[in-house]
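*Asks:* Mind docking chain U on chain Y? Use the hints.
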Amino acid sequence: MKTLRTFLLLSLALLEVAGAQDPGKEVIGQIRTGVLFGTNGPVTSLGDGVIVVSAAEKTRLQKVSKLEPYRNFVKLGSVEQHILKGYKSWAQPIRNSQALMLTFQAQASIKESRKLRLDVEYWQKRKMALRWDRVFEVGKRVYLVGPKWRDGNLIITVELVNLVKK
Amino acid sequence: MKNDRKEELLTRWMDDGLSDEELRELEPVLAEHPELHEERADYARLREELRAAVPSEIEPPFPDFFNSHLERLVREERRGVDKTDSRRGEGAFNRLWFWWMAPAATAAVVMAFLLGMKSAQPANQGGVVDAAAGSEVYSPLSDVSTEIIFDRESDSTLLVVEGLAPLADTDLVTAEGFLDGEHGYYVNSENVY
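Chains as they are written, first to last, in my numbering: chain Y, 1 to 166; chain U, 1 to 193.
Simulated from the structure, these hints should not be mistaken for lab results.
For glycine and all other residues, C-beta sits at the position ideal for the given N, C-alpha and C.
Mixed in with the good hints there might be a few duds.
Examples of chain Y residues lying across from chain U (beta carbon under 10 Å, computed) [stated by the list, open to error]:
#1 Val-35
#2 Gly-77
#3 Ile-94
#4 Met-128
#5 Pro-147
Only some residues are given here: those of chain Y computed to face chain U with a beta carbon under 8 Å [to be verified]:
#6 Ser-97
#7 Leu-130
#8 Arg-131
#9 Tyr-143
Here chain Y stands alone, though its shape is the one from the complex (with noise of 0.2 Å):
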């Protein structure tokens, strides 16, 4: 009985050991995924939890021409999470809805810092619709502006909240 344990223990140590040397576990960044809906319609219809965006937030969004006519703009939902060296990160920005799902993975480290070179993919109903390669920087809101939802628009909301200094 006292060797079984021993080897369990063992077992359990070592496969910690394993996963503490995944160098594509390192964590290099935190990124904030966010679903924000543009309609006319009344906003309570949405339920608990929708967040009016910013003033400036909504100019900006009303320079676009397929989005100028809508007059309110709210948050649905947003998620942040790690950006993994070797990983590739699913977002869900709503709860428990597959619909819309974004992946995002590192594919360099640029020579400024606050910069990270990320593949983003934008998937819809279980099937990968767009994939974008490019420079993201700390702090600046990247939008794509998605598909028609109810009587209005979808905008996903990508951010690149940190990276890990080195």
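*Replies:* Just chain U now, with coordinates in the frame of chain Y:
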């Protein structure tokens, strides 16, 4: 011999594609530049190594994306070679050099891409790229088109995507409220590409 003719013959000579008559025509050039034999041997060796390392048939995961990446890399490679050529100002001989090196550079890019596809980790293992390098958008859906708008006032970027299928009312779960979360999944990219 005119330079254009010389280029054509040399390019085909590199690929063992000359007839006996054409070979005789090229002989004076080869006699004048004996180092070309060494270059040809290097090129043949690279070709053989590529053949040995790369499977004869492989289906890229996203051929369009692969092609657009490849074209961009080749364009950048050519720009680099052009700059070098104009700086050196060595005339027609450098043009010949470029035409020989272009297939080799392309082969190297293909090789790097395929090896990257087979590698266990993505290409972020210490790779450094210029932040000014352009971004690329790709969609496997033929109906989808995109436009990138940069708003200088707010220093933000908007990617407008047209042609996505609308989501149904039931696609987004509303009953549980729209709460911020810290949930997410991580998938080891090992063996993905």
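*Asks:* Hints first: check each against the structure and report whether it holds.
*Replies:* Hints versus structure:
no.: 1; hint: Val-35; in the structure: holds, 8 Å
no.: 2; hint: Gly-77; in the structure: holds, 4 Å
no.: 3; hint: Ile-94; in the structure: holds, 5 Å
no.: 4; hint: Met-128; in the structure: holds, 6 Å
no.: 5; hint: Pro-147; in the structure: holds, 4 Å
no.: 6; hint: Ser-97; in the structure: holds, 5 Å
no.: 7; hint: Leu-130; in the structure: holds, 5 Å
no.: 8; hint: Arg-131; in the structure: holds, 5 Å
no.: 9; hint: Tyr-143; in the structure: holds, 4 Å
The structure fails none of the hints (numbered hints given earlier).
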